[in-house]
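S.K.: Take a look at the letters that make up each chain.
2 protein chains.
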Amino acid sequence: MLTPFIVGIVMKSLHKNNLFCWSQFDEDRNIDFHSYLWVREAGNVVFDPLPLTAHDKSHLHALGKVSHIILSNSDHVRNAKALASETGAQIWGPAAEKDAFPIECSTWLIEGKGVLDGLDVYCLAGSKTAGELAFVIEAETLLTGDLIRAHSGGKLCILPEGKLKNVADAAASVKRLAAIEGINAILPGDGWPIFRDGQKVMSELVASISQ
Amino acid sequence: MLTPFIVGIVMKSLHKNNLFCWSQFDEDRNIDFHSYLWVREAGNVVFDPLPLTAHDKSHLHALGKVSHIILSNSDHVRNAKALASETGAQIWGPAAEKDAFPIECSTWLIEGKGVLDGLDVYCLAGSKTAGELAFVIEAETLLTGDLIRAHSGGKLCILPEGKLKNVADAAASVKRLAAIEGINAILPGDGWPIFRDGQKVMSELVASISQ
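Residue numbers (our numbering), protein chains in the order written: chain U, 1 to 211; chain E, 1 to 211.
In case anyone wonders, no lab produced these hints; they're calculated from the structure.
Be careful, since some hints might not be right.
Restraint ranges, calculated between C-beta atoms of paired labels, are given here [unchecked claim]:
{"#": "1", "chain 1": "E", "residue 1": "GLY182", "chain 2": "U", "residue 2": "SER208", "range": "45 to 51 Å"}
{"#": "2", "chain 1": "E", "residue 1": "GLY162", "chain 2": "U", "residue 2": "GLY112", "range": "31 to 37 Å"}
{"#": "3", "chain 1": "E", "residue 1": "ALA168", "chain 2": "U", "residue 2": "GLU161", "range": "39 to 45 Å"}
{"#": "4", "chain 1": "E", "residue 1": "GLU140", "chain 2": "U", "residue 2": "GLY112", "range": "38 to 44 Å"}
If the Cβ cut is set under 8 Å, some of the chain U residues that face chain E in the computed set are [what the hints assert, rightly or not]:
{"#": "5", "residue": "MET11"}
{"#": "6", "residue": "LYS12"}
{"#": "7", "residue": "SER13"}
{"#": "8", "residue": "HIS15"}
{"#": "9", "residue": "GLU27"}
{"#": "10", "residue": "ILE31"}
{"#": "11", "residue": "ASP32"}
{"#": "12", "residue": "HIS55"}
{"#": "13", "residue": "GLY64"}
{"#": "14", "residue": "ILE103"}
{"#": "15", "residue": "HIS151"}
{"#": "16", "residue": "GLY154"}
{"#": "17", "residue": "ASP197"}
{"#": "18", "residue": "GLN199"}
Using 27 Å as the maximum straight-line C-alpha spacing, the simulated DSSO-like pairs for lysine-lysine come out as follows [to be verified]:
{"#": "19", "chain 1": "U", "residue 1": "LYS175", "chain 2": "U", "residue 2": "LYS163"}
{"#": "20", "chain 1": "E", "residue 1": "LYS98", "chain 2": "U", "residue 2": "LYS155"}
{"#": "21", "chain 1": "E", "residue 1": "LYS98", "chain 2": "E", "residue 2": "LYS81"}
{"#": "22", "chain 1": "U", "residue 1": "LYS128", "chain 2": "U", "residue 2": "LYS163"}
{"#": "23", "chain 1": "E", "residue 1": "LYS200", "chain 2": "U", "residue 2": "LYS16"}
{"#": "24", "chain 1": "E", "residue 1": "LYS98", "chain 2": "U", "residue 2": "LYS175"}
{"#": "25", "chain 1": "E", "residue 1": "LYS113", "chain 2": "E", "residue 2": "LYS81"}
{"#": "26", "chain 1": "U", "residue 1": "LYS16", "chain 2": "E", "residue 2": "LYS113"}
{"#": "27", "chain 1": "U", "residue 1": "LYS65", "chain 2": "U", "residue 2": "LYS128"}
{"#": "28", "chain 1": "E", "residue 1": "LYS81", "chain 2": "U", "residue 2": "LYS155"}
Ideal placement from N, C-alpha and C gives every residue a C-beta, glycine not left out.
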């Protein structure tokens, strides 16, 4: 029974009727940053939340209670703390960053399937922070934090080499995500989302970084 | 020799390195509105220009001289007049709206190929204004004004029936655009762009409105 929530939405709709985003143009990188909302009967989940306008905020609340704020890495904490105080949501962050994470988390995530019903967590190696997380929502939507991004429409890229802790490890992590069967969409925290043929676009990314 | 212009860009990159956009979230419709910039050696072309932030404006100028501002319909005039005074660009609008167009245009466009080098113009029937224009840039990018839009990621839709002057004419126009061979990308003035498999997505749109 998601329909009642969907009336009067104000965030941007994505490829499924229980996924939304709000965005902020980043003048340093010339891309939009995105935060994603996954609407669930058991409580809504927000990923890497940017500050909300009053308009977005009133509609975030209209879409139901936010139960979880999940952060992919310590550089994507964004407005998590304020949103948690406002909503009472739990904050979950990457276990590999526990010792120096900028805010308190109630759960430290390690890799695992079904961490919430319909949510799989992947730990990435070699990115700019240790153990950056990626997520698969309902088996078909890959949500990425920093490592996998999109600076041009319809095409993915990864962080520049100079920002990576270990290039080979990062490439291996990308390859591992590209091997997940059934991915239709890729929602990066930074840059244009991919809404179709996700696995194909991921394999093109693998090919481009293997050259 | 596009490369020198591309250094230091600040608008969002699209699927080709001579196409850019800037965007504004519309709180009434919960979609982003977009304006597109086509960088050409002979002078840059802007379509349906929204107001620019200081940041975008300085970079619009850094990308070269704007020679043309092209408007798809009278509801997408947006900030055209101010941008024309600032840049000296010509404003071109749809011939079918000449008699009641809200601003002066130096050229009234009718359907035709190669209106500028690499630019084809299509006139649509039945939309909310008479003779709304659509454009094909360099044979592979379809740019649409109001009739064809995207309220969900990766999928096109058309204006609701109540807004159309004539539903059958509008559907026929969509079908005609869907028949253009070689379209990879669709850039709507309103809503998520499609960056891949454009013609396939257009044929899905045709199927969805033929039901």
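S.K.: Work down the list of hints and note, for each, if the structure agrees.
M.R.: Hints, verified against the model:
A hinted range of 45 to 51 Å is violated for the C-beta pair GLY182 (chain E) and SER208 (chain U), which are about 24 Å apart. At roughly 48 Å, the beta carbons of GLY162 (chain E) and GLY112 (chain U) sit outside the given window of 31 to 37 Å. The hinted range of 39 to 45 Å is not satisfied by ALA168 (chain E) and GLU161 (chain U), whose Cβ atoms lie roughly 55 Å apart. Between GLU140 (chain E) and GLY112 (chain U) the CB atoms are about 43 Å apart, so this pair conforms to the stated range of 38 to 44 Å.
For the restraint placing MET11 (chain U) at the interface with chain E, the shortest Cβ-Cβ distance is roughly 6 Å, inside the 8 Å limit, so the hint holds. The beta carbon of LYS12 (chain U) is positioned within 8 Å of a beta carbon in chain E (closest approach about 6 Å), and the interface hint is therefore held. Evaluation of the SER13 (chain U) hint against chain E yields a held restraint, the C-beta minimum of about 5 Å falling below 8 Å. At a threshold of 8 Å, the smallest CB-CB gap from HIS15 (chain U) to chain E is about 4 Å, leaving the interface hint in force.
Of the supplied interface hints, the one on GLU27 (chain U) holds, with its beta-carbon coming within about 5 Å of a beta-carbon of chain E, less than 8 Å. At about 6 Å, the closest approach between the beta carbon of ILE31 (chain U) and any beta carbon in chain E falls short of 8 Å, and the interface hint on this residue holds. For ASP32 (chain U), the interface hint holds, the least distance from its beta-carbon to any beta-carbon of chain E being 7 Å, beneath 8 Å. With 8 Å as the threshold, the beta carbon of HIS55 (chain U) comes within range of chain E, its nearest partner Cβ sitting at about 5 Å, so the hint holds.
Evaluation of the GLY64 (chain U) hint against chain E yields a violated restraint, the C-beta minimum of about 16 Å exceeding 8 Å. Restraint check, ILE103 (chain U) versus chain E: the minimum CB separation of about 27 Å is more than 8 Å; hint violated. Hint status for HIS151 (chain U): holds, given a least beta-carbon distance of 6 Å to chain E, under 8 Å. Taking 8 Å as the C-beta contact cut-off toward chain E, the hint placing GLY154 (chain U) at the interface holds, the least distance being around 3 Å.
The interface hint given for ASP197 (chain U) holds, since its Cβ lies 7 Å from the closest Cβ of chain E, which is under the 8 Å cut-off. Below 8 Å, beta-carbon pairs count as interface contacts, and GLN199 (chain U) has none with chain E, the closest being about 13 Å; its hint is therefore violated. Taken as a hint, the LYS175 (chain U) and LYS163 (chain U) pair is honoured in the structure, with Cα atoms around 19 Å apart against an allowance of 27 Å. Between LYS98 (chain E) and LYS155 (chain U) the alpha-carbon distance is near 40 Å, which puts this suggested pair outside the 27 Å criterion.
Distance check on the hinted pair: LYS98 (chain E) and LYS81 (chain E) sit about 16 Å apart at the alpha-carbon level, within 27 Å; holds. In summary, the hint linking LYS128 (chain U) to LYS163 (chain U) is supported, as the alpha carbons are separated by about 6 Å, within the 27 Å threshold. Using a Cα cut-off of 27 Å, the hinted pair LYS200 (chain E) and LYS16 (chain U) holds, with the two alpha carbons roughly 19 Å apart. Among the hinted pairs, LYS98 (chain E) with LYS175 (chain U) is inconsistent with the structure: their alpha-carbon atoms are about 55 Å apart, more than 27 Å.
Taking the CA atoms of LYS113 (chain E) and LYS81 (chain E), the gap is near 26 Å; set against the 27 Å cutoff, the hint holds. Pair hint LYS16 (chain U) plus LYS113 (chain E) does not hold up; C-alpha atoms about 37 Å apart against a cutoff of 27 Å. Straight-line distance between C-alpha atoms of LYS65 (chain U) and LYS128 (chain U) comes to about 32 Å, which puts the hinted pair past the 27 Å bound. Distance hint between LYS81 (chain E) and LYS155 (chain U) is unfulfilled; the C-alpha atoms sit about 34 Å from each other, more than 27 Å.
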